[in-house]
Amino acid sequence: MASLRQMRGKWYARVHYRKNGKVKEKLIPLRTSEKKPAIRRKLEVEKYEKDIKSGLTFDFPWLNDEGLISLKERTIDETVKDYYSTRRIEGIKESTIGRVEVAMKSLYKLINPDAALDSIDNDLIDRYKQYCRELLNHKPNTININLSKIRAFLNWCKRKGYIDEVPYFEILLVPKGDVDYLSDEMFMLILNCDGIEYHFKRSFIFYRETGCRLFEPFIGMIIGNTLVIPSDSSKTHRKRTVVLNDLTKPILEEMRHNVSKCKGDQKYAIKNYSRVFKKICKHIQLPDNYHFHNLRDTYAVRRWAITGDIHLVREEIGHSSVTTTEKYADFQLETLLADFPSLEKWISPRLEKPSFDESFLMDVNPQILALKDTNLKDTIVSGSS
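The opening position of the sequence shown corresponds to residue 32 in this note's numbering, with each subsequent residue numbered one higher.
Do not rely on the hints blindly, as some may be mistaken.
With a cut-off of at most 30 angstroms between alpha-carbon atoms, the simulated DSS-like pairs for lysine-lysine come out as follows [as the list claims (entries may be wrong)]:
| # | residue 1 | residue 2 |
| --- | --- | --- |
| 1 | Lys-124 | Lys-81 |
| 2 | Lys-136 | Lys-302 |
| 3 | Lys-309 | Lys-294 |
| 4 | Lys-103 | Lys-81 |
| 5 | Lys-232 | Lys-191 |
| 6 | Lys-55 | Lys-41 |
| 7 | Lys-358 | Lys-232 |
| 8 | Lys-124 | Lys-67 |
| 9 | Lys-112 | Lys-67 |
| 10 | Lys-84 | Lys-232 |
| 11 | Lys-266 | Lys-294 |
| 12 | Lys-270 | Lys-292 |
| 13 | Lys-302 | Lys-124 |
| 14 | Lys-140 | Lys-191 |
| 15 | Lys-191 | Lys-266 |
| 16 | Lys-191 | Lys-84 |
| 17 | Lys-140 | Lys-55 |
Computed beta-carbon distance windows for the label pairs [stated by the list, open to error]:
| # | residue 1 | residue 2 | range |
| --- | --- | --- | --- |
| 18 | Asp-277 | Glu-109 | 53 to 59 angstroms |
| 19 | Arg-158 | Leu-204 | 29 to 35 angstroms |
| 20 | Thr-127 | Val-353 | 20 to 26 angstroms |
| 21 | Glu-77 | Lys-140 | 41 to 47 angstroms |
| 22 | Glu-285 | Arg-306 | 15 to 21 angstroms |
| 23 | Glu-77 | Asp-149 | 21 to 27 angstroms |
| 24 | Glu-121 | Gly-40 | 24 to 30 angstroms |
| 25 | Lys-270 | Ile-120 | 30 to 36 angstroms |
Just so you know, the hints here were simulated from the structure itself, not pulled from any lab data.
What you are looking at is a predicted structure, and each value in this text was computed from that prediction instead of being measured.
Where is the CB? At the ideal position from N, CA and C, for every residue including glycine.
Please put together the full structure from these sequences, using the hints given.
Shown next, in the form of structure tokens:
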């Protein structure tokens with residue numbers, strides 16, 4: 032039987048029920064501060080108590096303009112808004128919430144936001160994956176990120192008791208992709224491309240020499256000769272420091288100045304570095320798979336070619352796990368030497384093989400050292416007969 036509860040001067044009907052072995056409660060606002068009307072409305076709620084415990088939501092006469100009782104279904108849109116509000120209170124970054132919004136907007140292309148929350152089922156998820164692949168031409172990684180955000184939202188809905196089960200999410204298989212770095216020759220073609228402002232070309236040098244992600248130069252703090260990217264602004268939630276030098280520091284200051292004086296959307300101004308880079312790649316006829324992030328890939332590959340220390344490279348580019356970084360070491364040094372002749376003085380020593388040192392054989396029986404190939408073959412044959 033429902034009970035009464037008063038909060039901030041208003042009465043609520045309190046329905047207790049057990050779900051998955053846990054005691055839960057549901058509060059139905061009675062919209063009155065007087066006890067007698069509250070008791071009458073509680074009795075009305077008790078008529079539907081069994082259905083309320085099963086998870087149904089009712090719109091009672093005192094909760095709507097029509098003065099009628101009706102079954103109310105929680106919509107996707109209202110639940111998503113609750114989710115955003117809760118996550119913000121929990122301290123989740125706006126960029127993370129923004130990524131959820133992107134995923135939900137893509138889902139809304141297949142389903143009305145005002146549809147019932149429980150209409151997100153296995154069939155819809157399968158249709159969503161097919162729609163993303165065939166009509167939106169999204170890459171598997173993009174689809175999987177969207178699926179992970181939608182699944183996180185639905186897991187939250189289940190914890191809140193809004194849905195009974197979360198649909199099964201089968202992510203797409205992503206083949207291990209090759210790292211597309213920019214050789215010295217390719218990078219020189221970019222820097223010598225006509226019709227592009229020198230400022231953009233200098234910025235490309237900065238990104239190639241630091242391995243920064245697109246937004247990192249603008250969210251970090253310049254402390255002396257170091258760019259410090261705080262953990263709360265980092266993609267991996269790890270503090271990262273980037274050492275600056277006489278070349279990269281002035282370029283960084285120029286980039287920050289140019290963006291700060293932008294009268295419009297500064298995010299758009301930052302993204303323009305990526306757009307211009309893609310435009311140059313197309314102009315000099317690089318393959319379509321080349322994009323701005325390849326400047327960061329180039330930094331990582333060059334650093335591994337120089338140091339041979341994949342753990343150091345992981346630390347420098349700010350990966351959470353060295354497993355993510357290992358793809359940059361999947362190259363023959365001979366190939367890297369051909370693509371980066373500017374790194375010859377670092378790569379060549381790594382290619383050198385140690386010469387054979389005969390000094391440790393001084394005390395070995397001379398007959399062993401005098402053994403001929405023919406003797407060896409005879410020994411093998413006679414030993415196997």
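Satisfaction of the hinted span 29 to 35 angstroms by the C-beta atoms belonging to Arg-158 and Leu-204: violated (19 angstroms)
30 angstroms Cα cutoff - pair Lys-358, Lys-232: The hint holds at about 27 angstroms.
Whether the CB-CB distance between Lys-270 and Ile-120 falls inside 30 to 36 angstroms: 24 angstroms Cβ-Cβ, so the 30 to 36 angstroms window is violated.
Given hint Lys-191 paired with Lys-140 - CA-CA distance at most 30 angstroms: Distance ~26 angstroms between Lys-140 and Lys-191 Cα, so the pair holds.
Val-353 and Thr-127 - C-beta distance against the hinted 20 to 26 angstroms: holds (24 angstroms)
Straight-line alpha-carbon gap Lys-112 to Lys-67, limit 30 angstroms: violated (35 angstroms)
Outcome for the supplied range 53 to 59 angstroms, where the beta carbon pair is Asp-277 and Glu-109: holds (56 angstroms)
Lys-266 paired with Lys-294 [C-alpha distance capped at 30 angstroms]: holds (27 angstroms)
Lys-309 paired with Lys-294 [C-alpha distance capped at 30 angstroms]: This hinted pair holds, its Cα atoms lying about 24 angstroms apart.
Hint consistency between Lys-84 and Lys-232 [alpha-carbon to alpha-carbon, up to 30 angstroms]: violated (64 angstroms)
Hint check for Arg-306 and Glu-285 - Cβ pair distance inside 15 to 21 angstroms: Holds - the Cβ-Cβ distance for Glu-285 and Arg-306, about 18 angstroms, lies within 15 to 21 angstroms.
Hinted pair Lys-55 and Lys-41, Cα distance within 30 angstroms: holds (21 angstroms)
The structure shown violates the earlier hints numbered 1, 5, 8, 9, 10, 17, 19, 25.
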